[in-house]
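I would like the entire structure built from these sequences, with the hints used as guidance.
Protein chains: 2
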Amino acid sequence: MKISVPGFLASGISSGIKEKNKKDLGMLFSEQPATAVGVFTANKIKAAPVLVSKEKIKHKNSQAIIVNSGNANACTGNMGLKDARDLSKLTAQELGISEKLVMVSSTGIIGVALPMDKIKTSIPHLVNSLSPMGLNDFAEAIMTTDTIPKIVMKKSMIDSKEVTFCGIAKGSGMIMPRMATLLSFIITDLSVNPDLLDDVFIEAVNNSFNRITIDGETSTNDMVIMMANGRAANSFFPKESSDYQTFKSSLNALFLDLSKLILKDAEGATKTICILVEEAKSNEEAKKIAYQIANSNLVKTAFFGEDPNWGRILSAIGTVDAEIIPERIDIFFDDVIVVENSICTGMESRAKQILMKKEFRVTINLHIGQGTAEVGTTDLTTEYIKINASYSS
Amino acid sequence: MKISVPGFLASGISSGIKEKNKKDLGMLFSEQPATAVGVFTANKIKAAPVLVSKEKIKHKNSQAIIVNSGNANACTGNMGLKDARDLSKLTAQELGISEKLVMVSSTGIIGVALPMDKIKTSIPHLVNSLSPMGLNDFAEAIMTTDTIPKIVMKKSMIDSKEVTFCGIAKGSGMIMPRMATLLSFIITDLSVNPDLLDDVFIEAVNNSFNRITIDGETSTNDMVIMMANGRAANSFFPKESSDYQTFKSSLNALFLDLSKLILKDAEGATKTICILVEEAKSNEEAKKIAYQIANSNLVKTAFFGEDPNWGRILSAIGTVDAEIIPERIDIFFDDVIVVENSICTGMESRAKQILMKKEFRVTINLHIGQGTAEVGTTDLTTEYIKINASYSS
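Protein sequences, first through last, are from chains A and B.
Note that my numbering numbers the first sequence so that position 154 is 163, with each residue one more than the last.
Note that my numbering numbers the second sequence so that position 206 is 215, with each residue one more than the last.
A hint or two may mislead.
Because identical chains cannot be distinguished in the list, a pair is counted as satisfied if it fits within a single copy or across any two copies.
[To be verified] Here are the computed lysine to any residue pairs in the SDA-like style, where the Cα-Cα straight-line distance is at most 25 Å:
id	residue 1	residue 2
1	Lys366	Glu392
2	Lys98	Lys163
3	Lys395	Met365
4	Lys29	Gly314
5	Lys395	Thr154
6	Lys27	Glu357
7	Lys27	Met88
8	Lys53	Ile346
9	Lys290	Gly86
10	Lys366	Thr391
11	Lys395	Thr156
12	Lys67	Asn216
13	Lys297	Thr381
14	Lys273	Thr391
15	Lys53	Arg337
16	Lys69	Asp339
17	Lys29	Lys163
18	Lys27	Ile352
19	Lys53	Lys296
20	Lys69	Ser200
21	Lys31	Asn216
22	Lys29	Pro133
23	Lys127	Gly355
24	Lys395	Thr279
25	Lys395	Ile352
26	Lys69	Ala101
27	Lys367	Ile12
28	Lys129	Tyr253
These are calculated hints, taken from the structure and not from any lab test.
No experiment lies behind these values; they were computed from the predicted model shown.
In structure tokens:
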């Protein structure tokens with residue numbers, strides 16, 4: 010599939026923030042101002058670009074995003090804020106558009122000032138490189154410890170028009186998004202009412218990025234921004250219309266695919282695991298339990314060791330402030346029941362076969378109520394430790 | 010120092026639960042019934058010996074404790090409960106004392122039935138091995154992934170009598186005690202009012218075991234039991250007397266020493282780190298922040314990498330539901346200030362020297378209020394992952 014979205018240009022170049030001429034500066038540009046929505050990290054320590062973009066996106070209108078990797082511009086005080094604003098201003102000047110329409114985003118090491126000289130010098134080249142086919146370069150330019158660029162495309166028919174959705178994300182560590190996540194940018198040529206876009210967008214984020222964890226860590230720089238430039242020329246559609254349903258399911262599918270890509274590229278991970286909690290007292294309690302398991306170092310190292318260690322799962326469940334009946338818990342690895350009424354079924358050897366897979370599901374049934382939640386996670390490996398003992402994030 | 014407490018006998022033998030004739034069955038015995046108090050795991054999934062001993066200790070009276078390692082007798086259903094009760098009954102018969110006076114405790118793999126035949130056969134030998142000098146054998150018999158036995162002795166003068174306190178503990182993984190912790194047994198010849206003992210004991214546990222974390226995991230089998238047999242023949246002392254103060258400070262010191270021993274022997278750890286949060290809104294908020302840092306995989310891998318990565322500490326602080334002023338946080342590594350008002354001071358190279366030590370302190374000043382808390386933790390290493398990917402707990 011050709012990776013492009015009508016009316017959008019993109020680029021990614023090396024500006025010298027990272028070593029070895031790796032791409033570290035990217036731009037997304039819409040030929041016309043686009044309806045834009047975004048969510049930002051729930052971490053109380055917010056990076057300068059988060060503060061700046063969060064303020065700008067209130068107008069629900071944007072035309073360009075400039076993103077650098079290799080430096081988070083976080084914990085950099087007033088200097089960092091000034092740098093983020095300058096970056097937005099310089100980009101606007103070079104593009105010949107209003108500064109209000111330019112978002113900024115950063116990812117990388119915390120606490121170091123942005124090398125503004127290198128970036129300033131590179132902005133004209135970045136703008137000159139803009140191309141309808143530049144999305145791959147952009148996806149590469151925003152990577153940090155990621156080993157693969159992450160792009161997902163979907164096409165839908167809305168109001169008899171072909172509409173394209175493209176989502177790009179980065180992130181493989183410091184991942185337990187809350188409210189927002191990592192960096193992700195979604196562009197579409199859909200024409201859409203801004204408030205309706207906001208609702209569908211937030212719901213899609215909550216069902217995807219806000220349901221994964223790699224290491225239980227919420228970053229200072231998380232942001233997801235979506236731009237819809239209307240180039241598909243479809244008519245606005247009301248809530249609950251069939252076009253609305255098509256849009257919603259397309260966007261949810263796109264977000265789910267992106268969050269799965271992030272789990273697959275998790276730092277040091279060898280496996281992707283879906284933790285499904287069923288029949289909890291409420292969805293909220295199911296979610297708390299799913300996250301406790303998904304973040305348990307002991308459960309995750311057992312996955313790495315391909316050890317069907319259901320005792321660690323039960324132990325993790327027991328630490329949660331949620332209603333359980335300690336004697337009535339069932340645990341399945343895929344379709345194999347390893348624990349029934351909190352007692353081992355003797356199926357460990359079949360369970361071990363499942364744990365040798367790259368992807369599997371752990372289902373916990375609490376037999377209490379109707380609450381359900383699903384959280385995606387990974388195993389915890391010696392490689393994760395090596396990466397994070399040597400990488401300054 | 011001679012490791013013994015007047016009126017107490019102990020033993021530790023191999024019963025065949027563990028491989029290679031490793032010691033795995035231990036007993037503590039008081040020649041006369043002792044005043045006894047205990048705290049037990051806050052995990053809702055409680056092992057059978059926890060359920061049985063928790064019930065028995067309500068009488069605040071005990072004379073013997075039988076402990077096995079290598080098998081937790083957790084998640085073993087009604088069979089497990091019967092096994093724990095049988096163990097207590099058989100021990101009482103062999104000792105010729107009331108069953109009510111015998112506590113049971115287990116640690117090791119979860120979900121596997123106790124090998125009762127091996128244990129039953131071994132009880133007579135365990136009882137025959139009881140000796141005033143048997144505490145080292147006992148300490149060794151309760152180890153799992155521990156690499157060193159953990160015993161601390163203190164002597165105090167109370168009512169002009171010499172009183173001995175001896176604490177024994179095991180535990181080096183699945184350590185984030187809440188209410189109780191791991192396994193620990195404290196014996197003393199002190200004569201003490203049971204309610205007063207309970208108060209001082211709970212406070213000492215809360216200030217020591219309940220302030221450490223190795224991996225944020227709370228076990229199903231945690232218990233701390235203290236027995237005071239009165240052999241020192243001191244008079245009862247009232248609250249706030251000078252004898253009370255001596256007792257309280259001795260017990261606190263003993264518990265702190267034991268919890269430090271546990272951190273030093275943490276699975277795979279190379280360092281012990283004290284996280285001190287000062288000037289938080291409340292002690293409770295200080296504690297939440299200290300634990301968030303102490304349990305952060307990214308902070309702990311940075312410690313392992315000897316990387317003064319204060320950005321990860323700030324990021325961890327920002328995820329806590331507690332009041333902070335994002336621009337007013339100071340961070341010290343020992344006495345070196347690395348972050349002042351949330352900005353780097355440029356002292357990284359001095360900070361790196363501190364991180365190369367085996368023990369250091371990280372102090373966070375929030376400049377909000379009067380709340381303070383201290384939590385002990387360790388680094389997170391490749392060795393921790395290796396141990397837990399291959400060990401079935």
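Hint check:
In this assembly of identical chains, the alpha carbons of Lys366 and Glu392 lie at most 25 Å apart whether taken from the same copy (19 Å) or from different copies (24 Å). Proximity of Lys98 to Lys163 under the C-alpha cut-off of 25 Å is found in neither arrangement, the shortest distances being 33 Å within a copy and 68 Å between copies. Taking identical chains as interchangeable, the C-alpha atoms of Lys395 and Met365 lie at most 25 Å apart whether they share a chain (23 Å) or sit on different chains (17 Å). In this assembly of identical chains, Lys29 and Gly314 lie within 25 Å of each other by CA distance solely across copies; the values are 23 Å between and 35 Å within a copy.
Taking identical chains as interchangeable, the C-alpha atoms of Lys395 and Thr154 lie at most 25 Å apart whether they share a chain (12 Å) or sit on different chains (23 Å). In this assembly of identical chains, the alpha carbons of Lys27 and Glu357 lie at most 25 Å apart only when taken from different copies (21 Å versus 47 Å within one copy). With identical chains, the CA atoms of Lys27 and Met88 are at most 25 Å apart within one copy only, with a shortest distance of 21 Å there and 61 Å across copies. Taking CA atoms no more than 25 Å apart as the test, Lys53 paired with Ile346 passes between copies only; the shortest distance there is 22 Å, against 41 Å inside one copy.
Taking identical chains as interchangeable, the C-alpha atoms of Lys290 and Gly86 lie at most 25 Å apart only when they sit on different chains, with a minimum of 23 Å there against 44 Å within one chain. Taking the shortest alpha-carbon separations for Lys366 and Thr391, both the intra-copy value of 19 Å and the inter-copy value of 23 Å come in at or below 25 Å. When the C-alpha separation of Lys395 and Thr156 is checked against a cutoff of 25 Å, the pair qualifies both within a copy, at 15 Å, and between copies, at 24 Å. Proximity of Lys67 to Asn216 under the C-alpha cut-off of 25 Å is restricted to the intra-copy arrangement: shortest distance 23 Å within a copy versus 47 Å between copies.
Taking identical chains as interchangeable, the C-alpha atoms of Lys297 and Thr381 lie at most 25 Å apart only when both belong to the same chain, with a minimum of 10 Å there against 28 Å between chains. With identical chains, the CA atoms of Lys273 and Thr391 are at most 25 Å apart both within one copy (17 Å) and between copies (21 Å). Within a single copy, Lys53 and Arg337 get their C-alpha atoms only as close as 39 Å, which misses the 25 Å cut-off; across copies the closest is 12 Å, which meets it. Taking the closest pair of Cα atoms, Lys69 and Asp339 never come within 25 Å of each other, the shortest separation being 46 Å inside a single copy and 36 Å across copies.
In this assembly of identical chains, Lys29 and Lys163 lie within 25 Å of each other by CA distance neither inside one copy nor across copies; the values are 34 Å within and 60 Å between. With identical chains, the CA atoms of Lys27 and Ile352 are at most 25 Å apart between copies only, with a shortest distance of 22 Å across copies and 53 Å within one. With identical chains, the CA atoms of Lys53 and Lys296 are at most 25 Å apart both within one copy (22 Å) and between copies (17 Å). Within a single copy, Lys69 and Ser200 get their C-alpha atoms as close as 13 Å, which meets the 25 Å cut-off; across copies the closest is 73 Å, which misses it.
Taking identical chains as interchangeable, the C-alpha atoms of Lys31 and Asn216 are never at most 25 Å apart, the minima being 33 Å within one chain and 50 Å between chains. In this assembly of identical chains, the alpha carbons of Lys29 and Pro133 lie at most 25 Å apart only when taken from the same copy (21 Å versus 71 Å across copies). For a Cα distance limit of 25 Å, the shortest separation of Lys127 from Gly355 across copies, 22 Å, qualifies, whereas the shortest one inside one copy, 62 Å, does not. For a Cα distance limit of 25 Å, the shortest separation of Lys395 from Thr279 qualifies both inside one copy, at 14 Å, and across copies, at 14 Å.
In this assembly of identical chains, the alpha carbons of Lys395 and Ile352 never lie at most 25 Å apart, being 37 Å within a copy and 27 Å across copies at closest. For the identical chains of this complex, Lys69 and Ala101 are intra-copy neighbours only, at 17 Å inside a copy versus 75 Å across copies, given an alpha-carbon limit of 25 Å. In this assembly of identical chains, Lys367 and Ile12 lie within 25 Å of each other by CA distance neither inside one copy nor across copies; the values are 28 Å within and 52 Å between. Taking the closest pair of Cα atoms, Lys129 and Tyr253 never come within 25 Å of each other, the shortest separation being 42 Å inside a single copy and 69 Å across copies.
Going down the numbered hints, you'll see the structure goes against 2, 16, 17, 21, 25, 27 and 28, while the others check out.
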